[in-house]
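Chain by chain, the residues run as shown.
Number of protein chains: 2
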Amino acid sequence: MKLYSYWRSSSSWRVRWALETKGIEYDYEAVHLVEDGGHQHQDWYREKNPMEQVPLLEFEQDGEVTRIGQSMAIIEYLEDTQPDPSVWPDEPTDRAHARQLAEIVNSGIQPLQNPATFKRVENDKNKWCSHWIRQGLLAYQKLARQFGGHFSVGDRATTADACLIPQMYNARRFDLDMSEFPVLLEIEDRCSELRSFQKAHPSQQPDAQS
Amino acid sequence: MKLYSYWRSSSSWRVRWALETKGIEYDYEAVHLVEDGGHQHQDWYREKNPMEQVPLLEFEQDGEVTRIGQSMAIIEYLEDTQPDPSVWPDEPTDRAHARQLAEIVNSGIQPLQNPATFKRVENDKNKWCSHWIRQGLLAYQKLARQFGGHFSVGDRATTADACLIPQMYNARRFDLDMSEFPVLLEIEDRCSELRSFQKAHPSQQPDAQS
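Heads up: the sequence lines are chains P and Z, in that order. Every letter in the first sequence is one number past the one before it in numbering that gives the first Met the number 0, and letter 121, counting from 1, is 120. Every letter in the second sequence is one number past the one before it in numbering that gives the first Met the number 0, and letter 62, counting from 1, is 61.
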């Protein structure tokens with residue numbers, strides 16, 4: 000399996016976490032999202048993913064190349080085909096709540112604060128991004144307080160946490176005051192102790208820059 | 000089961016489609032997203048969903064009220080607990096591709112063109128929204144050409160189609176030139192013949208306005 004990724008891409012980070020959690024070996028193919036206006040917009044990549052985004056999973060199946068784009072679709076595919084260990088909670092309601100939290104980040108925050116979006120915004124970019132991140136994380140925290148144990152939902156790390164951690168990393172890049180999020184900071188501490196989160200971290204990727 | 004919905008909300012529309020497809024009876028609770036600055040921002044609703052968005056599914060389970068927000072989380076919950084008939088394709092790769100298309104709309108288009116977003120944009124709002132919708136639908140169409148049969152993925156309507164149809168409805172509200180999307184228009188025609196899509200349409204909801 001090959002993962003097209005960028006070290007700092009929060010959506011790629013989620014998928015790296017799922018691959019690590021499931022113990023799936025993969026080749027890392029870096030796509031530089033900034034250099035030369037972004038390699039994701041080059042013809043060779045656009046052919047693979049017309050959304051011109053990472054991550055993208057590529058593999059051969061029955062002699063044909065299969066590609067899957069969109070982080071949540073990739074994660075659900077991995078869960079479908081290699082269910083153990085699971086990246087979601089066991090019980091259906093818990094699973095729904097973990098997906099709800101994951102979607103707060105995936106559709107409620109991340110698309111509004113990624114560079115493709117904020118480069119088109121005429122407002123103050125930092126203010127624009129901070130607004131969406133803060134609003135989303137406040138809702139996330141309120142729900143995690145209801146759903147949570149040691150992690151966002153229950154006592155095992157799930158895809159919700161894998162969406163949360165990269166979003167908190169981005170929050171700091173936009174100078175958000177993190178003291179508003181004590182519950183999330185505790186979850187982040189616990190995640191940082193897990194090997195899956197350590198291995199998925201941007202700093203550990205082959206294309207990481209200092 | 001109670002669904003908090005708004006007739007024109009594209010995310011609510013997807014969930015209505017899934018409920019209809021699975022033949023699940025539900026109570027419709029209208030949340031007016033425009034009146035009085037939006038009822039979704041009122042305390043009584045924010046208590047239920049801190050993201051202040053529809054849809055929201057609410058039901059009693061073991062004597063406790065359970066709530067699930069985020070359209071994709073709700074749809075996956077319905078699929079988890081009442082799998083037949085499925086709202087996704089049967090084969091894992093097809094299922095991944097349907098989820099990829101659904102996410103192009105769910106996280107790649109819809110969040111960027113909803114009123115909560117464009118009311119904060121200082122640019123020309125119509126141009127802003129059209130840009131995201133056009134870009135996303137062009138990618139969707141390219142992939143649907145690869146994945147598709149009579150519908151977005153294969154010959155059965157799936158959640159991908161349930162994301163696409165409301166997005167096309169919104170595209171027209173922003174005066175997008177739909178002649179660029181011949182494949183999507185064909186899919187739309189086929190969906191419009193299905194009872195599930197007819198029943199989920201905004202015009203059929205109790206809070207519909209003319």
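Treat each hint with caution, since some may be false.
Claimed, not checked - Computed list of lysine-lysine pairs in DSS-like fashion (alpha-carbon distance at most 25 Å, straight line):
{"hint": "1", "chain 1": "Z", "residue 1": "K1", "chain 2": "P", "residue 2": "K124"}
{"hint": "2", "chain 1": "P", "residue 1": "K118", "chain 2": "Z", "residue 2": "K198"}
{"hint": "3", "chain 1": "Z", "residue 1": "K118", "chain 2": "P", "residue 2": "K47"}
{"hint": "4", "chain 1": "Z", "residue 1": "K198", "chain 2": "P", "residue 2": "K141"}
{"hint": "5", "chain 1": "P", "residue 1": "K124", "chain 2": "Z", "residue 2": "K198"}
{"hint": "6", "chain 1": "Z", "residue 1": "K21", "chain 2": "Z", "residue 2": "K141"}
{"hint": "7", "chain 1": "P", "residue 1": "K198", "chain 2": "P", "residue 2": "K21"}
{"hint": "8", "chain 1": "Z", "residue 1": "K126", "chain 2": "P", "residue 2": "K124"}
{"hint": "9", "chain 1": "Z", "residue 1": "K118", "chain 2": "P", "residue 2": "K118"}
{"hint": "10", "chain 1": "Z", "residue 1": "K21", "chain 2": "P", "residue 2": "K118"}
{"hint": "11", "chain 1": "P", "residue 1": "K126", "chain 2": "Z", "residue 2": "K141"}
{"hint": "12", "chain 1": "P", "residue 1": "K126", "chain 2": "Z", "residue 2": "K21"}
Hints are computed from structural coordinates only; laboratory data are not their basis. The structure presented is a predicted model; accordingly, all values stated were derived computationally and were not measured.
Hints and how they fare:
1. Distance restraint check for Z/K1 and P/K124: the Cα-Cα separation of roughly 39 Å exceeds the 25 Å cut-off, and the hinted pair is therefore not satisfied.
2. Between P/K118 and Z/K198 the CA atoms are separated by roughly 40 Å; this puts the pair beyond 25 Å, and the hint is violated.
3. For the given pair, Z/K118 sits about 34 Å from P/K47 by alpha-carbon distance, which is inconsistent with the 25 Å threshold.
4. Of the pairs offered as hints, the one joining Z/K198 and P/K141 is violated, with about 34 Å between alpha carbons and a cut-off of 25 Å exceeded.
5. Pair hint P/K124 plus Z/K198 does not hold up; C-alpha atoms about 41 Å apart against a cutoff of 25 Å.
6. Between Z/K21 and Z/K141 the alpha-carbon distance is near 29 Å, which puts this suggested pair outside the 25 Å criterion.
7. A threshold of 25 Å between alpha carbons decides the hint, and for P/K198 with P/K21 the separation of about 12 Å falls inside it, so the pair holds.
8. This hinted pair checks out: Z/K126 and P/K124 have alpha carbons roughly 19 Å apart, not beyond 25 Å.
9. For the proposed pair Z/K118 and P/K118, the alpha carbon gap of about 17 Å is at most 25 Å, so the pair holds.
10. Between Z/K21 and P/K118 the CA atoms are separated by roughly 42 Å; this puts the pair beyond 25 Å, and the hint is violated.
11. Note on P/K126 and Z/K141: the hinted pairing is violated, with a Cα-Cα distance of about 35 Å set against a maximum of 25 Å.
12. For the proposed pair P/K126 and Z/K21, the alpha carbon gap of about 43 Å is over 25 Å, so the pair is violated.
In summary, the numbered hints that this structure violates are 1, 2, 3, 4, 5, 6, 10, 11 and 12.
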